[in-house]
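**Student:** Hints given; two lone chains; assemble the complex.
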Amino acid sequence: MTLLSVENLSLAIGPLPILRDVTFSVAPGEIVAITGESGSGKSMTALSVMQLLPDAATTQGAIHLQDRDLLTIPESDLCDIRGNDIGMVFQEPMTALNPVKTIGEQVAETILIHSASTKSEAHNQAAAMLTRVGLPQDRFPLSRYPHELSGGQRQRVVIAMAIARRPRLLIADEPTTALDVTTQARILDLLKDLVQEFDMGLLMITHDLAVVADMAHRIIVMRHGEIVEQGDTRHLLANMSHPYTKALFEASSHQVDLPAPDEGPVPILSVENATRDYPLPRTRLFAPREHARAVNNVSFDIHQGERLGLVGESGCGKSTLTRAILGLEPLQSGTITAFGTTVSPSMPAAQRTKTQVVFQDPYGSFNPRKKVISILLEPFHNHPSPPRGREWFDVIGGALEEVGLQDSDSDKYIHEFSGGQRQRIAIARALITKPELIIFDEAVSALDVSIRAQILDLIADLSRRHNLAYLFISHDLSVVRTVTDRVLVMQSGEIVEHGDTESVFTDPQHPYTRSLIAAAPVLPDLKEVQNALA
Amino acid sequence: MLRYALKRLLSLLISLAVASIVIFAVIEIAPGDPASFMLGMNAQPDTVAALRAELGLDVSKTQRYLNWVGGMLSGDFGTSYTYRTPVGEMIKDRIWVSLPLALYALTLSTLIAFPVGIYAAARRGKPGDMAVMGATQFGIAVPNFWFAMMLVLIFAINLRWFSAGGFAGWDKGAATALKSLTLPAIALALPQSAILARVMRSSLLDILGEDFMRTARAKGLTRRQALFRHGLRNALIPVLTIIGMQFAFLLAGGIIIEQVFFLPGLGRLIFQSISARDLIVVESVVMLLVFLVIMVNFVVDLAYAAVDPRLRART
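Residue numbers (numbering that gives the first Met the number 0), protein chains in the order written: chain A, 0 to 533; chain B, 0 to 314.
One thing to keep in mind: the hints can contain errors.
Unchecked claim - Chain A side only, calculated, beta carbon under 7 Å to chain B, not exhaustive:
#	residue
1	51
2	82
3	91
4	94
5	109
6	146
Just so you know, the hints here were simulated from the structure itself, not pulled from any lab data. Quick reminder that beta carbons are idealized off the backbone N, C-alpha and C, glycines included.
Bound conformation, chain B alone (with noise of 0.2 Å):
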């Protein structure tokens, strides 16, 4: 196990390493100098000349990249070119806004999906199998958008039961926080759960055919413990590929429910960034988020093996 676990950590800081080179070269292949964008048309060629050196923008490429891959793991993120405040703060700021609405809806789309696909493999071809595959395939085919502006016309237009929009901030107390959350987590989530539900119920129904699970019921166990004793854990398998899937996709993806939200996550941020050309900003937001998904992937792989002890002796 622990050498599953080294070697899954070894590809993991090879992947970042790449990432790394990648996000760096595709930022430097884009056309516009940030200085002369910065001071607009009419600056002096000595004014930028000045600018790029205080940016660091003056040296060899190479060398750019080592500042900016020492300076990330130092923590120093650059300074936006234009906002002039350290992109380590502006980060800081916008993650404890996406990560949380992230996990939130990851949990809640889990929640949701882990029962209603169970309960739909349980009931195969019966009616509250079919109900439960109409839902999944409307939820599926609505854009998270719609659904966003649905939840905030009944619950905070209506109902007034949250806020319309905004988020309330951390100091103000964790349930006031997660408050201004949930509307825009569940608005994530339900796609998601419904596409999380019908792998989990197809996944489970693979599973109810394998011979292990005729074993169990020749042991005596009825339907129900023999689907919970020994169907479930195998079926987990590729309900976690899709599981780490979703989650790199609600961290960046987000963008949109931000929007309707008015949240200032990471995803108006990259949008803004890139509007303004503020490339310092956009390598490191986009890093960020590489490393982040990188190690959910990580997380993920150690699940399979604690779920799977085949993947744990095949080192």
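Same shape as in the complex, but just chain A (with noise of 0.2 Å):
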């Protein structure tokens, strides 16, 4: 018995065709994962099923809840179908929750708008429902509110809203994307658990492809509003049959091709003791100010030419200590010297062009009223030598060819690119000054995952070239693995493990670099898969 099927769904917003034909159906008890790249609509297949479309939105075809098609009943039906027959869960779970409201209130509003129960009654479900998705009332009472909360806490709130009222289905939009692989690792349970006890059907937007595999009974792979490919996952897995699904997993697994490294003798950044403190907002008016130390004690060098990654959780100090290399910030104790000279906001700005940044946001790092070719010129305002005359057409012709861009390309506005293209104009100007030292700042973390690969192919290629020395901070386990020769692990502000990358990815000495890799989702081996069908 299928409890949602998706017959010959298309779907237009205004004159815009968003998707076409796409027809599956999810059982109860099962786990459907729709993935694909940005743009593919796995989203809006999903805001489909929930009717929660934009207002120009026209579809055709059918979605059936079990023995009523969702696309024909009205509105009021529609609100009595979510929340109750059909939850669902948000991606940003630090804006998917109302601010001005108690995690109880939001969470009981769902029961009481879809039951005749009395307010103590919803608030006692409330509760019940909140300790099953791990926020015991002893620790996060009914009364707290979500900025209280951390991103996985706010995301267990987010999930025992859309589950309070059992329901059939469960739809989760990206439910993880915006967390940190061990919270990722904790939520992904908890869905797999519920959808057991309850069970439930559920569709599980992501686009990735490491924990599709891992979750989904089914998978179904979706390319520019149509789906190209579904089936059960290890059948998917063991024959993809198209093309797209193949260069899908290929590019997620991505090997880049790094030349071995050629490192100078002597460092050409060196971190020592380095110390970050932050004062917190006073408690009392005139007590001495409290400090939040960001980072603690951080000593390590980069030698010329050497691929350094930084991994860590969010909140671990890894930002700051960027901040700290690039002089933005200056540090309490400790010492950054880069090229000789001492590193703090102060430092000349001539001095500043020996390192360069490129940032994770392709687009929010550009100012969208200038023109690539004006971009591309910042870094030299501080050069202690520009080049002159014709000069300036060679370098910038020189750093777009680079990066694979045209020389064209320098007379258009940032808002014509892709993001990854965009993500190739922040290396062109990255690199435009000829750096000896880039700093990657979740540099890829935002791309879909065929641009990733080719973006961190552009990387191996210019370090190739350049014999670039460069420190690439992550989240990304398997992206720092393939692109650097040597790792850090930074835990709360200090450095728990450092060495070369592939043993500490093999043989991890430290707890926390253990649960990291432990807590990471992989893709499996496709051979293996083959085999253990056949």
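**Tutor:** As structure tokens, this is what we get:
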């Protein structure tokens, strides 16, 4: 018996077609994962089932939840179904909860609007549900507000809200994408348990193939609003028939061809006992200020041509350390020396040109009102000997060519480029002053897998041509593993483990490193899957 | 919450102290000696000196500042130079016109703006929204004294529902007094409500795009329920800010409306005192207005915290 069956669903927003002929089904107790890159229509498919589409959307086909066609029943019936028969969990736990209402009120609300229970019954049920999702009442009473909880805890609240009425179908749209790996593993376990316990169908939307392969009973691969392939997980992994599916899996486990390190004898960057404190808000008027230590006694070197990775979960101090290395924030103790000069916020601008940075968000880090040419030339404002006359054109053309773009792109604005192209421009901007050290701060985290693979190849390629040294900061262990020679593991502001990348990953010493590696979802070895089936 | 309130209270006291120094200093800088101004060009120097002593102008500036502040704290606002009556009594008469008028206008403006703003936000881009936006544009563009004159023309002269001006006084009963304040309050409220409705609309539209509104719909709330249960309270913060600013404007900025309706309010008092160089009245009225505005801001701060738990936590 199927729980949800979507038949020939087509969706357009205004004149723009979004989905074409989407057909799939979910059975009770089954986990079905829809995967694909951004813009493939996976989230829109989920929102179609919820019937929470934008006003301009028009749909064709049928979406049956058991015997009812969700596309034809009136809105008032849909309101009865949402939250009661279908629950939904969203991507961003930080913003998915109303900040001015307590978690108890918000969970109890789902119960109150769908049942005749009294307020106190609803609160009791809410408390039970929160306990079930791992928020026991003694530590997380109903009176807590969302801002008092961490991202993972908030996602648990969202899940409690979605399952409070024990819906038959749960839709989870990228439920763990915004979370750290260890939190992600726990939330995924929770979802799996709940599916079994409540015999729910789970329709999960995720771009992360490792998560998909690990969780789902069945996989649906989407591209450009169409399903390119679907089937039983093991079967699909073993016999991928569509080239796009193959390409997607290949890109996910992409290994770059990193040239052998050619390290110079002297360190170009050396961080010695760096400590960075942030003042906390005063709790009493005249009390001395308390401080939070974001980076604690961190020491490491980067040699010429060395590729160093830095991994750790959010809040571990990675970004603070980056800002200190760039000389954007002062240290409370310790020193950072780059190219023989001490790094500090007061260092002369001319000395900053040898270290450049590429940030995560390729759109947010550019001024949208400037053309690519002025963005690329910006680092020269501080340069001691900027190019003159005709040299400008050679420099711009060279930089764009180096990252696989064209000379003519210099006259465009940043919104004319895709995410991957923007990140290429960010790399071109970082490279243009011929720096010897580049800091990649989560530089590929916002990109789709196929684009990510291309950018990683580009980084490897550039490091081959220029003997580039870089510090590659990421929460994504598989990426760090492929593009670095040495890795630092950071936890609560301290480096807990460092060593050769391969040996740290194969034989982690520190318990934290071990838990990180254990929690990270990994793609199954496709050959093994094939052999197991054969 | 208590700690937050105490902190706001402390900053309120500091603001008041600073404001009193600034007001005193500015009035001191203004040229012209009240005593010689009162006695005219031909006054004898010893008469002027005697009057100066009587008015308390012969001591040092610091002493005069302290006398002024000390007097105000004990309810003695000094004596008007021109009318020779206690300033406290003059203010008392006027504030019973201006304060109710401001509150009346603010209540009207809020009562109009909330439904209108919510209506427009809920119908974004549809004809209802466009009509509201057009009307509010008109309300902002047209000066309130023109509204005032139109109201007099229609409701006082043609329909004869209200008197064209003057204040009945509170001793004839609250209903009569409020009736005589109704037309001025409407004239003050209309442009303010147009601004407030627009702020309400745009603030709600921002909130409607938030993720938690989608979560609310996914729970099974209707659009309307989601708007009222989850949207409204979050949209209130910018609206409260504007309400606080509007109150300040309505208190002191009602002078034109007071003129149109012949109301004996604070605006007229301050205008007359400035013309007559009655500095002690100017000082006291300005200080009083500052006090009221700072108090309103204090209340708005407390309202923020009541609306948003994140502010309560951040002490």
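**Student:** Next, verify each hint and record whether it holds.
**Tutor:** Status of each hint after checking the structure:
no., hint, in the structure
1, 51, "holds (6 Å)"
2, 82, "holds (3 Å)"
3, 91, "holds (5 Å)"
4, 94, "holds (4 Å)"
5, 109, "holds (5 Å)"
6, 146, "holds (5 Å)"
No hint from the list above goes unmet by this structure.
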